[in-house]
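**Q** Spelled out, the chains give:
2 protein chains.
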Amino acid sequence: MMTLFEHPGSSNCYKIRLMFALLGVDYACVTFEHAKSHNRSSEFLKQNPRGLVPVLEAEGNYIWDSTAILVYLARRFDGESWLSVDGLAMSRVMQWLALSQSEILHGLMAARHIILGKRRGVLEDAQGLGRVALGVLEDRLQRNNWLASEGPTIADIACYPHVSRAPESGIPLDAYPAMRRWIARVEELPGWVPWTPRAG
Amino acid sequence: MMTLFEHPGSSNCYKIRLMFALLGVDYACVTFEHAKSHNRSSEFLKQNPRGLVPVLEAEGNYIWDSTAILVYLARRFDGESWLSVDGLAMSRVMQWLALSQSEILHGLMAARHIILGKRRGVLEDAQGLGRVALGVLEDRLQRNNWLASEGPTIADIACYPHVSRAPESGIPLDAYPAMRRWIARVEELPGWVPWTPRAG
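Protein chains in written order, with my numbering: chain A, 75 to 274; chain B, 75 to 274.
There may be inaccurate statements among the hints.
If several chains are the same, the list does not tell them apart, and a pair holds so long as it fits within one copy or across any two.
Claimed, not checked - No more than 20 Å apart at the CA atoms, straight line, and that leaves these computed lysine to aspartate or glutamate pairs for EDC-like:
| id | residue 1 | residue 2 |
| --- | --- | --- |
| 1 | Lys120 | Glu212 |
| 2 | Lys192 | Asp213 |
| 3 | Lys120 | Glu198 |
| 4 | Lys192 | Asp248 |
| 5 | Lys120 | Asp213 |
| 6 | Lys120 | Asp248 |
| 7 | Lys192 | Asp160 |
| 8 | Lys192 | Glu224 |
| 9 | Lys192 | Glu131 |
| 10 | Lys192 | Asp100 |
| 11 | Lys192 | Glu262 |
| 12 | Lys192 | Asp152 |
| 13 | Lys120 | Glu261 |
| 14 | Lys120 | Glu262 |
| 15 | Lys192 | Glu117 |
The set of hints was computed from the structure by calculation and includes no laboratory data.
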């Protein structure tokens, strides 16, 4: 049984829970109350010196970083639909994984955290970076149903969490009709689970 | 012939030039004087709405993002030595690619740019993040010659540029002996080329 070390508020941890759910694969969970390393046990830090969740314990290994874990799950539990090994197809997936860890994380997530009072920063700068991400995504989704391929890949799973909550970053999605259709498409995938469990 | 759109001062562009050199693959270069999008032609931006270099034109596609391009080159011109397609092995490479685009970029590179007066920011914060990256790398390299595998992979190529220039980020490498041996190992790889061409 694989074990996911996670924090409920972390979007990077949610990506992994969502991927497990979509693959229909069982796993155990160790939940940390805080997302920062100083709350971690020294035993955990010995396996994960970077000090961040998510970390996946699998096959006797500790895999840290959400992108690395998404790649692992796609390769381990799927043929090539969630991640092709063809050079060009794989690089297309990687582009969106990179966007999710740069403009989306340092733009959309940062803006959301500034608004929530979780971190300091210049809101307008973060929102500006977030809008670059949304523009690139909308451009792609106006011509395609999914980000990297004809069907869903781990690229969609990596970008979806903060994009779907862009209004919490102070950026309404009215100007992005293709993106709203894509968000609905992700949420209709068999096995989809919400980030924060909904009441009722 | 593939074409690399690049900026000479960009570490992410250097990674691609280094990878091409190590693979012994020929390519054409289009060099931009500035690294920011507002200096780009609208034609270039149409192919690369993110507005950043490096971008590689290959097989009629524009591949943006350095990680995506490294993955493309490794899969296209190599068997599996630079990037294995095994789930666990691939996830190990991805971990270090993620570190290169997070703690190294927002720590080491940011500190270097603050010192050079190229950007604003809190130097101590950037250096702190950079030291997290160096600690994780040193820990790994004390037990292994290369980051992700028994031999060099694209993980080493992605982390090497800013790590080798950590002193320019205000962080001497005296405390990191394993890392200094690894830097020498990278620079002894057949085909290695320097970031900034050296005189004589």
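**Q** Hint compliance check: list the failing hint numbers for this structure, sorted ascending.
**A** 2, 3, 4, 6, 7, 8, 9, 10, 11, 12, 13, 14 and 15
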